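Listed here are the chains, written in short residue letters.
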Amino acid sequence: MQTAIQLILTSLQIGAVYILFSLGLTLIFGVMRIVNFAHGHLFAVSALVVAYTVPWLADTGLPVLPAYLLAVIAGVAVAMVLGFLMYVFGFKYFQRDMVGSFILSIGLVLLLDGILLKTFGGAVRPVPEILPGTVTILGASVTVQRVALCAAAVIITAALYWALTRTKLGKALRAVSIDHEAAMLQGVPYNRMALAGFMIAAALAALAGALIAPISIVSPVIGADYLIKGFIAVIIGGLGSVPGAILGGLFVAAIETFGGFYLDPTSATIAIFVLVIVVLLVRPKGLLGHG
Amino acid sequence: MDDNLKLPYWAIGIGIALAATLIVKDPYISSVINLISIAALMAASLRFVMLMGELNFATAAFVGIGAYTAGVAVTILDWPFLVALVLGGIIAALISIVFGFVTLRTKGPYFLLIGFAFTEAIRILYSKSMVLGGNSGMVGIFPPMALDAWMPTFVMAVAAILIFGLYVLERSDFGRILTAIRDNEDVARTVGLNILFCKIACFAAASFAAGIAGSLHAFVNNVISPGDFSFLLAAFALAYVKVGGEDNVVGPLVGAVLLVTLGSYALGLGGQEHIFYGTAIVLAVLLLPHGVTGIARRGWALIARKEK
Amino acid sequence: MSIVKSMKFVVLGAVFGVAGSVAGANAQEIIKLGLSIPLSGSGATWGKGSEFMCKEAASEINEAGGVKVGDVTYNFECVGYDNKYNAAEGTRVAQTLLNREGVKFIGGSLGTAPVKALQSLTERQGVMIFTTAWGSSIKGPDFPLTFTQMNTPFEILPQLIPYIHQAHPEAKTLAMLNPNDASGQETESVANGVWKKTGVEILSSDFYERGTTEFQPIAARLASMKPDIIDLGGMPPADAGAVLRELDSLGWKGVKVVEVGTGADGLKATGGDAVEGVYMGAGVTFDGPDVTDHQKKVNEDARAAIGESLNAIQIGFYDSVYALKAGIEAAKSIDPKEVAKVMPDVTFKTFYGGEIGFYGMDSYGSRQQMRLPVIVTQIQDGKLVEMARVVPDGK
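Residue numbers (our numbering), protein chains in the order written: chain A, 1 to 291; chain B, 1 to 308; chain C, 1 to 395.
Source of the hints: derived by calculation from the structure; they are not laboratory data.
The structure presented is a predicted model; accordingly, all values stated were derived computationally and were not measured.
Each hint should be verified, as a subset may be incorrect.
Claimed, not checked - As a list, the in silico DMTMM-like pairs of lysine to aspartate or glutamate whose alpha-carbon atoms are at most 25 Å apart:
no., chain 1, residue 1, chain 2, residue 2
1, A, Lys118, C, Glu123
2, C, Lys297, C, Asp265
3, B, Lys25, C, Glu101
4, B, Lys25, C, Glu123
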């Protein structure tokens, strides 16, 4: 029983990051109909900036928690600027062009890979523990940092959900993702919506990267693992669907956790890929997909 | 068949290319020519599936299947070279029929991403198989001694025949059906075509070519490892198609020649290789929406108009 | 003299000056040492450090008067290419090194798959090769031109594992985890045999995919078996650190081993305090009474250049250059086949201090393995401490 609780808690923690990541992917796809493989690099940039600034700020005598919060702001800001550049000089010209945008994103992946390696070096960056200690939940032990990460992810996801369903911008974004031509006829400015969707997605990736930095292995290649899992989560859930991304993220995390525990990690990875194929067999547009 | 095939152009083009490989004696240039031939074949395979409007990332997996089939046939089963070569294509095509039957019901981004997942899953499977050498890969996949000196000519000839074969298919009625599927699947269905069957046929033909590209890859490199067949392989094939221009069959060839040559140069840049290659792709898609052949064609049209 | 005219003189002078210096450089012959190493992706740091060490040794030798064969003096030059850890790129690198650069000596190569690709070309074209790649399939009488430049599990584990067993006789059970790649698979098979001989019970042996960033599930699996020892075999330091941290938060306490672990920095970067007490078999210490000024200085330079302390892999690229110098001078020839013939009998100056030669008759059937010391280290109070140093005997 304790094992089961431990594993469920682990799934939820891992799932929290996958959700943030796949929400961005699904949002971009919904609004712009593009597949962005460079999304993982926004995540990596943010994590790297955090990993560099926290020790630097801590050296100036700042306590570690405020140092981390400042670093998060810096990381998100840098990643957003990068996202903005990607959009203005690239993806803007490839809206609703899946093949074109995809190859552009592959080019960006290679380019950013090289630049990140050159700027930050390949070595893994240590990030000091922000919130030390562990807590016991229902007999399973979890570090405080993980709990904080989970809480942050839930808050961010809830805020996004609220914004998409309640605010004018959110409604316009959803309208565009369901039928962009009809939305434009209704007076929704498509180009501004595309930019807004892209920037929100960039912010989500950046936040996820900043949150994961203290508990993960921060190096320029950190984004690749999350990118693959994130894409699988959105295919399972259905591209363009926000609840689908949440469901898919949890699904992938659960398979990874339970598969990794009862089989071995490599088999779990294969199981995830097999699962995608099975889901698409039954539902060619994902569990909650439309359009 | 109609006279639209431009047979004389093909004959001259292939003839010149093959003659060129006969002159080259430098082993390094020979190795680059081999890479170009294989890259062009992969790109042509990828483009063939694009005719029906799908982006086939499983290309990388089928190249890998071809390579591993050839490797097993030669090193474990001791089968003759030509049998191994062709078997690579056949096994890839057979697996693609099963895979296509399951996945070609999906479209667009789903098909793209499922191919991506398939590629990664197959790659991990190789690494778990001790018979296939695990992650260290398979060694000693040599072509017959007698062929050693003629390898670039042989590889290019095989690639040229297959690319020409795909071109003939494209120009046939079958090719028109594929274009019809891309333009509007539902309309194609209403005239009584079995869409799934046509899609699978297209997919299998392309995968046969990809499988042969894999066999050639194995025989040229003599060593294969799971890491060779990651999704990046398909990404590069797509780059060849896009940079060269996807509108006609020459585009992927031009793209393969350009990017492989640039890539061989970029290898000397060490860690900067990615920056160089990435920049080349980004600039090409931003500045040349119809690829290099698109620019060439526009330039040609301009000159032709002036002369009139 | 008008400004234009004086400019002309300056330009002319510069041209002659450059031409003169080029001619001067040509008077000294160059021997290119090819390197096939990862310079991108997760292995980039190892590759960059390896290139750094090759250049370090080459410039030391060149400044000390180069390599002398008869009347001719040769200088070493290191040429590194990115093999991206796979066979296809390894082949491209091999073609480029051998057939474009005209390299006759491979100063070092990293990664089993690309090294096998390289080797299939070098042995045919008569090029001599040094490698860090593990595995008995890479050495032996069938590969007379191949030499190993670092300790492999075959050398390390028979020293390391009995040491740990003696230090912790109460530990009876073991769980292993390795990356699902060539080095991980090979480390696992050697470790499995050596642990069995000590009588420790192996509860499980798992593999994970390289590039994984989330280690909670596997840590939960390892901890649930309650082993006395957890052996993270051939895991890269950052991954091993992450596993140890998760194990720590799950409350597991026991003997921690990273068999081919190379340094404390990478482990601490992700593992924090949880890496306390880890035993390693390929670690190199750079503080302590026995460390020479030369070792300290090179390590400081390397830290500045690559951001990490040097490890045994990178040091192998230094030793191979000195071995090549000794081999070329002993053979009185720059023909790789002649050099390879005398190589098993030469001794050379190693970075670890002292003169060493080659051995390996017992494990491989030929002498192609540098007789490097096996150093057992442990992390104590956050620092790497040398526990034992064994110079292996055997033929």
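Comparing the hints with the structure gives:
1. A:Lys118 - C:Glu123: 35 Å, violated
2. C:Lys297 - C:Asp265: Answer holds: Lys297 (chain C) to Asp265 (chain C) is near 18 Å, not above 25 Å.
3. B:Lys25 - C:Glu101: 16 Å, holds
4. B:Lys25 - C:Glu123: 20 Å, holds
Checked against the numbered hints given earlier, this structure breaks only hint 1.
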